[in-house]
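There are 2 protein chains.
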Amino acid sequence: MSQNIYDNEIFFEGYKELRNRDDNYNKLLEQPAMVDLLPNLSDKIVLDLACGYGYNSLDFIKRNAKKVVGIDISQKMLNVAKSKSANKNIEYICMDMAEISQFKQKFDFVYCSLAFHYVEDFKKLCEDIFALLNNTGQLLFSQEHPIITATIDGKGHFNNDESGKKVSYTFSNYNQGGIRKTHWIIDDVIKYHRPIGEIITTLAKTGFIIEEVVEPIPKDWAINKLPTIVKEYIKPNFLIIKARK
Amino acid sequence: MSQNIYDNEIFFEGYKELRNRDDNYNKLLEQPAMVDLLPNLSDKIVLDLACGYGYNSLDFIKRNAKKVVGIDISQKMLNVAKSKSANKNIEYICMDMAEISQFKQKFDFVYCSLAFHYVEDFKKLCEDIFALLNNTGQLLFSQEHPIITATIDGKGHFNNDESGKKVSYTFSNYNQGGIRKTHWIIDDVIKYHRPIGEIITTLAKTGFIIEEVVEPIPKDWAINKLPTIVKEYIKPNFLIIKARK
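Taken in order, these protein sequences are the chains called G and P. Under the working numbering, the residue at position 109 of the first sequence is numbered 109, and the numbers go up by one with no gaps. Under the working numbering, the residue at position 137 of the second sequence is numbered 137, and the numbers go up by one with no gaps.
Check the hints yourself; a few may be wrong.
In this list, chains with the same sequence are indistinguishable; a pair is considered to hold if it fits within one copy or across any two.
What the hints assert, rightly or not - Taking lysine to aspartate or glutamate and the EDC-like style, the derived pairs with C-alpha atoms no more than 16 Å apart in a straight line are:
#, residue 1, residue 2
1, LYS106, GLU198
2, LYS27, GLU212
3, LYS245, GLU211
4, LYS27, GLU13
5, LYS123, GLU212
The hints are simulated quantities; they were obtained by calculation from the structure and are not laboratory data.
Isolated chain G (complex conformation) (with noise of 0.2 Å):
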């Protein structure tokens, strides 16, 4: 079973005042990408894994999807899902991302943002996945860039110069995949780090076609509103994947 830090209060309250504010890399970064690469979703049958406010949830309703099923571990994250972004073609189900195989029926898209990095066993919820999708169903993902989730201890830092611009970022423990304890708004948030060809080639052996791998720069209407590190281009912030069965 996942871990479930977004139950944790102090977490939730702290997780809620980030993406509130107007810089944050969600916004910025990653969910245009995604959007990008979202699929014509017209009649389509989407899972939402860690739905979390199910914005995301609402986003394929309003682009004609006809049913959405959003999931979460965490109940509270479900209850503003419940009350912020509530449909009638939308269920959403408290349930842990290691547990969809318990599913009957099949999906068109599945869609994750930002929880693959939390889950044990990637193998299993690929292969999870492409069970669960019809056959030309499609899924697509985004997650910590492995080269962020690399470092043991946290140890991961940028580099300024001597007028205090930050040049470089400096990383560790690549090829040492398993589990990464971090601060993030609490202490001890468990992720899980593989190098970038083990997380492509699981998907590949599982039988997923790769249609795309973007490592998403800010678009120009965002540059200006993201921290100078992410304008920077210096490293890779997320791994963002499409693939198809």
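Here the structure of chain G is known, so what remains is to put chain P in place on it, guided by the hints.
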């Protein structure tokens, strides 16, 4: 046209010395991983891009390939190949990889060890290879890992702890694709940096099915022969991709 450093006398001699060493990265890390990924070559027609000394071309014949065409931009390298790796079923041709669209014949397998980072137009290269492959053809290539080619002005480097042990790696400019001039045996060796997402998406959009993406780690037998920096799993060194038509 690609840069022809291998015909530079100083580079040629320096490279020979490097390849003759028992602790070079090719022998201990890249080649063992490439061999693991070779398909069954019985009766296959093979194109060996940037074949250099022809060691791999000859190995493919030993693995029962019907015919191998080895091309290299350097006549000096091909002279070695024709002397040390000659076989009646190998044809060595002095040709830039950028010119392979002139081949009239088709191939079952296209191979390239550590040379795609010298090619400026990767999209054209992918399209040319795709067009040369038979319907069930496969491509296997290795290149320097994008994390290693990323940094402009050679600022990528390891960092030591107080005891002098290498503990991390520093890079920059990852999301800025383009030319990189580096010192490798001689000054101004021209390479092209491409983020990993760009490499894989270009292959996928050309029509290739990605089969495996490998960032090799040393096998047990090689560990004690390799420098500490490779043993420690700090950073990825090579990117290897296997794809099929």
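Going down the list of hints, with the structure as the test:
1. LYS106 <-> GLU198: Cα proximity of LYS106 and GLU198: none, with 26 Å in one copy and 32 Å across.
2. LYS27 <-> GLU212: Classified as neither; 21 Å inside a copy, 32 Å across copies.
3. LYS245 <-> GLU211: Cα proximity of LYS245 and GLU211: in one copy and across copies (10 Å, 14 Å).
4. LYS27 <-> GLU13: Neither: 18 Å inside a copy, 53 Å across copies.
5. LYS123 <-> GLU212: This pair counts as between: shortest inter-copy Cα distance 14 Å, intra-copy 19 Å.
In summary, the numbered hints that this structure violates are 1, 2 and 4.
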